[in-house]
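So the sequence lines, in the order shown, correspond to chains F and S. For the first sequence, our numbering assigns the number 1 to the initial residue and increments by one for each residue that follows. For the second sequence, our numbering assigns the number 1 to the initial residue and increments by one for each residue that follows.
FYI, nobody ran anything at the bench for these hints, they're computed from the structure. The reader is advised that the hints may include incorrect statements.
[What the hints assert, rightly or not] Computed list of lysine-lysine pairs in DSS-like fashion (alpha-carbon distance at most 30 Å, straight line):
{"#": "1", "chain 1": "F", "residue 1": "Lys97", "chain 2": "S", "residue 2": "Lys109"}
{"#": "2", "chain 1": "S", "residue 1": "Lys56", "chain 2": "S", "residue 2": "Lys109"}
{"#": "3", "chain 1": "S", "residue 1": "Lys109", "chain 2": "F", "residue 2": "Lys11"}
{"#": "4", "chain 1": "S", "residue 1": "Lys42", "chain 2": "S", "residue 2": "Lys56"}
{"#": "5", "chain 1": "F", "residue 1": "Lys65", "chain 2": "S", "residue 2": "Lys109"}
Spelled out, the chains give:
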Amino acid sequence: EAAVTQSPRNKVTVTGGNVTLSCRQTNSHNYMYWYRQDTGHGLRLIHYSYGAGNLQIGDVPDGYKATRTTQEDFFLLLELASPSQTSLYFCASSGSKNTLYFGAGTRLSVL
Amino acid sequence: QQKVQQSPESLTVSEGAMASLNCTFSDGTSNNFRWYRQHSAKGLEVLVSIFSDGEKEEGRFTAHLNRANLHVSLHIREPQPSDSAVYLCAVSSSNNRIFFGDGTQLVVKP
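Next up, chain F with everything else stripped away, as it sits in the complex (with noise of 0.2 Å):
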C-alpha cells in the first residue's frame, strides 16, 4: 500500500540544536510538503518540491531548509533550533490532482 513515512516520531532537542526531519514516500507522486500545525495557525506550509532537487518556498520558510534528494525523500532541516519551532510537523505528498496524502507526523520540542 501505498505511503507516507515520516521518522523520527519525537524529537527532543536544546535551543541551538540541529535537527532533521525524514519523509519518504511510495506514491510515486512528484510533489512533496513540509507543513507545521499550531493550535490557532492551523496547517502551514513551510517547503515543497516538485520533483528531485527542486525546492520550493512556502509560507513560513524563515529557520528551515528543505532538500528532496530523491523523488522519494524528501528533508527538512533546522541548523539552529528555536523554541518557537516547537510544533507537530507533518509530511505530504501529491500527485497530479492535489489530494494530499500525508505521514503520522512528527512531535518537535525545543527547548
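We have chain F already, so just place chain S on it with the hints.
Same frame as chain F, but now just chain S:
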C-alpha cells in the same frame, strides 16, 4: 494570498443528527476543494474532493460547492462518536498551492 476560513470553530452534535461544517475562500479562481479529517493530532485523511459547483457524496460525507458565493460545505449524515475529530477544508488553484482553514472541532455525543 488565498484566505480560507472555517466555521464554526467547534460543533457538538448528538449521534445520528446531521453535522454541517462551513468553509469560505477568497480566491474565485480556485478549482480544487477537499475536506480532510484529523483524529487527535494524527495524520490527515481525505474524505471528499469536489471540483465543480453542486454536490459530491462519499458515503456519509457530502460536499456542496458554490463558487460564486466562495463557499464549500461538508455535511455528515448520521454522525457517530468515531467521527469526533478536527475537520479541515483545503482549497487550491491551478498553481498547485494548497491552503487550509484552521479547522472545525467536531464532537459527536452518544
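Right, here's what the structure says about each hint:
1. Among the hinted pairs, F:Lys97 with S:Lys109 is inconsistent with the structure: their alpha-carbon atoms are about 35 Å apart, more than 30 Å.
2. Between the alpha carbons of S:Lys56 and S:Lys109 the distance comes to roughly 26 Å, so the proposed pair stays at or under 30 Å and holds.
3. For the hint pairing S:Lys109 with F:Lys11, the CA-to-CA distance comes to about 34 Å; that exceeds 30 Å, so the pair is violated.
4. Among the hinted pairs, S:Lys42 with S:Lys56 is consistent with the structure: their alpha-carbon atoms are about 26 Å apart, no more than 30 Å.
5. Proposed proximity of F:Lys65 and S:Lys109 is contradicted: the alpha carbons are some 43 Å apart, above 30 Å.
Checked against the numbered hints above, the structure breaks hints 1, 3, 5 and satisfies the rest.
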